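Colleague: Okay, here's what each chain looks like letter by letter:
2 protein chains.
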Amino acid sequence: MAELRQDPICGRWVIIATERAARPSDLALGRGEPKGGFCPFCEGNEDRTPPEIAAVRPGGGPSNSPGWRVRVVPNKFPALSLNGHPSAPVHSVGHRRTAPGVGTHEVIIESPRHAISPTQMPPEDFGHVIATYCGRAEALEADERLAYVLIFKNVGQEAGASIEHCHSQVMGVPVMPRRVAVEMERCEHFHQEHGRCLFCDVLAEELADGSRVVAQTEHFAAISPFAAAFPFTVWVLPRFHTGRLYDMSGAQMGEVARLFQQTMARVEVCLGDPPFNYAIHTAPTAPTQRQRECYHWHIELIPRVTRMAGFEWGTGFYINPVEPETAARYLRDVPARQVALKIPRHADGGGHEQHPRS
Amino acid sequence: MAELRQDPICGRWVIIATERAARPSDLALGRGEPKGGFCPFCEGNEDRTPPEIAAVRPGGGPSNSPGWRVRVVPNKFPALSLNGHPSAPVHSVGHRRTAPGVGTHEVIIESPRHAISPTQMPPEDFGHVIATYCGRAEALEADERLAYVLIFKNVGQEAGASIEHCHSQVMGVPVMPRRVAVEMERCEHFHQEHGRCLFCDVLAEELADGSRVVAQTEHFAAISPFAAAFPFTVWVLPRFHTGRLYDMSGAQMGEVARLFQQTMARVEVCLGDPPFNYAIHTAPTAPTQRQRECYHWHIELIPRVTRMAGFEWGTGFYINPVEPETAARYLRDVPARQVALKIPRHADGGGHEQHPRS
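The listed protein sequences correspond, in order, to chains C and X.
In terms of this note's numbering, the first sequence is numbered consecutively and its last residue is 358.
In terms of this note's numbering, the second sequence is numbered consecutively and its last residue is 716.
In case anyone wonders, no lab produced these hints; they're calculated from the structure.
Wrong hints could be hidden among the right ones.
[Unchecked claim] Computed Cβ-Cβ distance ranges for the label pairs, DEER-style:
1) C:3 x X:550: 35 to 43 Å
2) X:396 x C:218: 51 to 59 Å
3) X:417 x C:35: 51 to 59 Å
Predicted, not measured: the structure shown is a model, and the values here were computed from it.
C-beta atoms are modelled at their ideal positions from N, C-alpha and C, and glycine is treated no differently.
Just chain C, same shape as in the assembly (with noise of 0.2 Å):
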C-alpha cells in the first residue's frame, strides 16, 4: 500500500509508491558519452570565458591566466543583469505584473581538468569549491538590489547541463522565490510558537531515528527526507544553527565538502552516475532578525532518474517510487573502500581507472 507524507519543511504532500518500485539500478538513466572536443572551461582557455570575478590561485600568478584551481566569471548568456538598473520597481496594467530582470549570473568553473563530477576532485579542491560558493554567497547578499541568491549545479544533459565540464551557477534574483518564501513562513510559524528552528528539530529527530541517516560528521550530517519527492533525494546541512552558509569556519568548510563529496560518491555508486541537480538553500539576502533565527541552510542533491509528468505539473504533487528509508540503507551500505576509489587523492588524478580525463 502507497503512503503520504508531508515534507515538514516546506508542507508538499508526496506519495511514496512502493509498489511500482525499483532496485537502484532499475533507475539509473546514465550521463551518456563524454562529448569530448573544445572546452572553453579548461585550464588554457581562459581567453574563451568573460574575465573573471573571483578565483583560487594557490600558486599566485595573473588573472584569467593558467594555475587557477576553481574560477568564477560572468555567465556569457545571463539570464538576468545589473546593468544601468539601480532597482526593480514592480509595474502593473491591469493583472499583469512584471519587473526589470535585474540580477546576476555568474558561473564557477570547479576544475582546471575535465572533470564532469565534483567527485572527479581531489578533497581539497572540492573544498576550494565549498569556500568559493561561500565568498559568493557573501559577497552577493551585500547588493541590496537582490533578494535572493542561489547557487545550483546541473550534471548531465537530462540535469539541465548545456557545458559539461563541472560548473556551478549562482544567481542573484530580485524576487524572492515562491519555494524559500513557502519554507520562510512555515519555519517562522515554527519558531514564534516553539522558539525554536524547524530544521534543528527535525534533524534532531532524524538523528535519534538514524533510518534515514547516511552519513555524518562532527559538525554535518547527509539525510534521506523524510517526504523526500525524488529518488535518492539527499540533504546536507550543518547540525549547528545557522541560516547562512558562509557562517562557518575554514575546517568546517574542509569537513562539510568531505562529506558532500563522498555523498555524491555513493549517489554515483548506488544509480551509475547519474545526470544530478543540486541547490543551497540559504536565508533570504536581507533577513529579518526572526528569519535569521528560524532558518537553517542545507544543500539538496536531486539524482534525475524519474521524470517530471502531467500529473506533477497539473498539481504540484510528486510520486517517489523510492522509500527514503531504502534509498538511505542502500547509499549508507556503500562500502568505504568504493567511495573512496572514487574521489582522487591527488591533483595529478592518480590514474583512476573509472574517470580516465580526471
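Following the hints, complete the assembly by docking chain X onto the known chain C.
Modeller: This is chain X only, laid out in the frame that chain C set:
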C-alpha cells in the same frame, strides 16, 4: 533585457529571458521513433488490461470486447488505491506526518487504433474523450474520500509516457495538492475583495489585449498565459464562468474538443511534434460556496522543450526563453489548412501521410 513576470493566478514569478531565445524549430526535442511491437491498449487486446470501468461504444456491444471508441480501465500499477480504506486519517509522529495512500488511479484509452497524439483522431472521437473526462470527473468527485481529482496526459517518453498509445490518466487524491491550494487561496482572496472571478477578469483583459490569444470560439478561448513558465504553454478555458469541467452542454463539449485539438495541432506544427503534457485544473471535489464561485476550470498544455534544472528545483522560479506573445503569434500564424491537414476527418484516418498508423 530580460523581464520578470508574475502569474496573476498562482503568484509565481518567472524570468522571460528572450536573449537566450530561439525560433520554435530550435526548441524541438522530438518524441523519438514510434516503438512498434505489441500494444495492450489497441482494439482487440481488451483482455490485456484490467476490466473496464466505462467505455464509449456507439454501436453497443459487451464490455471488454472490440467496438469501442474510448475505454476507461484501472491503472495496472496504481500509485494509489481505494481498497479497504474508508477514510484517510493523517497520522503524526514528531514532525513526520503520513496518510494512507487512499485514492484512485484510472487510465483513459482514447483511441481504438494506435494513435500517439489526440491530433491523430477524428474530431468526433476527441469529443468522446472530452465527454469521458467529464463523466469520470463527475463520478469521482462524488467520492468523499477524495479531496481532488486530476485528469492529465503524457505524450512522449520525455514527458513521462511509459505507454505510447494515446491515453490519459485520472488520479483521485485524498489531500489537496499544493498547486491547487495556492490557486484557490488567491482566487478566494480576489473574490472576497472584488466580488468577481479572477480568471474571468484575466481572460477579459487577454481577449481585449489580443496579443496572447491563440484562438477563440463562441464559448472558449486558447491563450498563451502572460507569465508562462515554459515555452509555448497554452491555456484553454471557458469564456463563461464555471469551476467544474462537466458544467457544460454536449454541444460545448464538442466545441472545446475541436478548439483544443486544433490548438494541439498548432503546437505540433510549430514545434515538430514535441513531447507534451496537459492537465485539467478544476475546483476541489467538495468546494465551499465561495470556492464554487471563484474558481474557473482550464486545461494547461505544456510542450516539453526545455529541461528543469537546479535553478528551478532550488527556487520554484522558472526561466522561459520564449516571450508568450511570440509563442502566441507563431501559434496563430499556423495556416488553417495545415491545422486541418493534421487532423483526420474520418475514423479510418483518411490516409494522412503524416500519421501512417492513424
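Colleague: 51 to 59 Å was suggested as the range; check whether the CB atoms of residue 417 (chain X) and residue 35 (chain C) agree with it.
Modeller: With a Cβ separation near 56 Å, residue 417 (chain X) and residue 35 (chain C) satisfy 51 to 59 Å, so the hint holds.
Colleague: I want to verify a distance hint. Is the separation of the beta carbons of residue 396 (chain X) and residue 218 (chain C) within 51 to 59 Å?
Modeller: Since the Cβ atoms of residue 396 (chain X) and residue 218 (chain C) sit about 57 Å apart, the hinted range of 51 to 59 Å holds.
Colleague: Taking the beta carbons of residue 3 (chain C) and residue 550 (chain X), is their distance inside 35 to 43 Å?
Modeller: holds (36 Å)
Every hint from the earlier list agrees with this structure, and none is contradicted.
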